[in-house]
Structures are given as structure tokens and as C-alpha cells.
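Student: Given chain R, work out where chain X should sit, using these hints.
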Amino acid sequence: MKSLTEIQTDLNQKFPGIAVTIDGTSLVILKENWIKVATFLKTEPEHAFDYLSSVTGTDYKEYLEVAYHLYSVSKQHGPLAIKVRTDMEKSIVPSVTPLWRSAEFQEREAYDLLGIYFEGHPDLRRILMWEGFQYHPLRKDYVQDDQDRPVEQF
Amino acid sequence: MALAENVSQVDEGLKSELQKSGVFTTTLESLYNWGRRSSIWPLQFGLACCAIEMIATACARYDIDRFGAGLFRPSPRQADLMIVAGTVTKKMTPQVVRLYNQMPEPKYCITMGACSIAGGPFIDGYNVLRGIDRFIPVDVHLPGCPPRPEALLHGLMKLQEKIDSQKIEKTEWYQKGLKREFLIPEFGPNGLMPPYNPEIFTPKQTRKITTGK
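Taken in sequence, the protein lines are chains R and X.
Quick note on the numbering used here: the first sequence kicks off at 1 and runs consecutively.
Quick note on the numbering used here: the second sequence kicks off at 1001 and runs consecutively.
One or more hints might be untrue.
To be verified - As a list, the in silico DSSO-like pairs of lysine-lysine whose alpha-carbon atoms are at most 30 angstroms apart:
no., chain 1, residue 1, chain 2, residue 2
1, R, 140, X, 1091
2, R, 36, R, 2
3, R, 61, X, 1091
4, X, 1107, X, 1091
5, X, 1176, X, 1107
6, R, 75, R, 2
7, R, 83, R, 31
8, X, 1204, X, 1107
9, R, 140, X, 1204
These are computed hints drawn from the structure, not numbers from a lab.
Here chain R stands alone, though its shape is the one from the complex:
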């Protein structure tokens, strides 16, 4: 696999002005550019990331973040970690389910527990909590109503 900086250079050459940055060992991509970058990484023969192993949401209080791990089965390389950030109120991220089917349930989980809306997901429903549950329990500001411990202690 190419190094992270090489992939960053590739992306910046292919799509000028998309501002890909590196955070630790992962690429940070703006959510507006995420679909075209994902399509490029999957279809470009040099990269050929044909397998998406995980989609994970995280609440950083100021923003929400979705982390993706990409592998290539045909080229035997990976993982490539990608982070896409979105704000707390209008938490919309484009869905990659049309590209990688494995994203379907994991995007539903991130929607259920963190309230990240995946635009273009074919079936965005709750997957773990029951229908009619109104909150997103893994958000930091979630409070249970049958809690028997004072809220300020969390």
C-alpha cells in the first residue's frame, strides 16, 4: 500500500482543493468530498479498496466523527483509516452503502446510537434500540429517565 502522504498527494492531485489532511494515522476528509473520494479509492486500480471492514461513530462533544477502515482484498493491502467529521446539530454524512454493502448495518448502528444521518442509505432505521425510542444513547448529553444516580456525577 502507498503511504498515507502519497495517498494524500494522489487525492489532492486528482481533486484539486479538497483539503485532505492527516490526523495521526488517518486521513481526514470533508463530508462534501467523501463520496467522490470513496469512489476514487474503490475504483482506481492502484488503490482498489474493495472491502470496508468497519464504520464507527464517535462523539467528541464539539463534533461527531465517523471512522472508516478500508482494505483491499485483491491487492492484499490495508488498512486505510479515514475520518469524516460532521457537526452535532445537522449531523449528516453521505452514505457509502451503495459502494460497500458492508456499511449498511454499521451505518444503521451509528444512526441508532449517535444520531448520525447517512444521506443515501437505502434503509436507515434503528438496529439495536426499539422502534419508538426517541434518543441516541451513546451521545455524551444523553440522560436516562430511570437513572438512579445524580446526573452531575457523570
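Tutor: Showing chain X alone in chain R's frame:
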């Protein structure tokens, strides 16, 4: 817990005379309780890792069948004992209460492990019920995470002691008009509705946790 006393009106001398000719005297209650405690049929279901220890208890090394409780029934209609083995999630709670309601009287319940007693390590979790005793009455609380098979056998022996101490004329399942249907909770917008059955459970005062500050 006192065992039901095996007091008979028969004279001791007559009793030993009778025993020599192969006639034994006892009370009906002792005989009845002996029969009940020696054939407790548990309901066959497990919710989490405690179920693995329950299976180990049923296997050859520990062999719960030595206590007459080895016949795990796949249907609540044939079961006497519910071993709540494992974490009871909020989503699973209505089914557990419904199964307990479907068991015939007399019925007993053992909570196995820290999770089913009080939520265990998941006590602050959004998805775990903080103890099944919020919805059904529990006879034996069996702590551990998970309890070892010896502990489950000990809990079963405690339950046998409890059965031995019950009196036929006072037991509630022979009284008229017995209605032991326990409330089945529903899924609400933020947790179970209601969060506990107020008829059988009173929540303790709010927990205070002191931090290192």
C-alpha cells in the same frame, strides 16, 4: 430459615416398633416438601455468560441432577424454577417477565450473577435492567461474576431449604383467588414503562458515588 419440623403425634416407642416391621411414620408436610424439593425442574434458558456456568453445573463434573434439578424444561409450563442466568437487557425484560407469568404455581426464581441481581458492571448502561427483582419476586440472590458451579449448587440448596420450610396450609398458591400475574413492562420513548413494578419493588435512595477529588 427453619426447616418444617418433623413432629409426629406417634409415641416414640410405637414408632420404633413400627420401624422394625417396615412401617415409617412422618408428617404429610415433610413428605410433600421432600418430594417438591427433590424434583425442581428449571426452565432452560440463559441470557449471557452466566448461562455457561449453568451449563457447566448441569454437566458431569458438578451434576445438578444429584439434587433433582437436572431436568431442564424447554417450556415454562413444565418448569418450577427460573434461573435468570445473565444480563437482563431492557429489550429482553418483557419476555423474561412473560415467561415467569407462564410458569405454573408453585414457582421459584434464582437470580444468578451480578447483572441479574442489580445490573452488575452495566449498572449505568442505557440498555441494561438494574436487577430482575424490579419486575419479578426473587427467592435466592446468587452473587458472582459469574458464580462458579458450586455457588449455583449452594443457591439451589438454599432454595431447597426454603421449600422445606413452607407450610401446606399457609402457602399462597393454595389460597383462594390467587392472582400472581406480574406486570409486563412496555417499551417507552426513553426506557421501560414503568421502570419497575411498584407492587413488588421500592427503589433505594439515589446512589452517591464519591470520586477521588
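Student: Next step is simple, just say for each hint if it's right about the structure.
Tutor: Structure-based check of all given hints:
1. R/140 / X/1091: The hint holds at about 22 angstroms.
2. R/36 / R/2: Given that 30 angstroms is the threshold and the Cα spacing comes to 19 angstroms, the pair holds.
3. R/61 / X/1091: Given that 30 angstroms is the threshold and the Cα spacing comes to 28 angstroms, the pair holds.
4. X/1107 / X/1091: Holds, at roughly 24 angstroms.
5. X/1176 / X/1107: 17 angstroms, holds
6. R/75 / R/2: 11 angstroms, holds
7. R/83 / R/31: This hinted pair holds, its Cα atoms lying about 9 angstroms apart.
8. X/1204 / X/1107: 26 angstroms, holds
9. R/140 / X/1204: The given pair, whose Cα atoms are some 26 angstroms apart, holds under the 30 angstroms limit.
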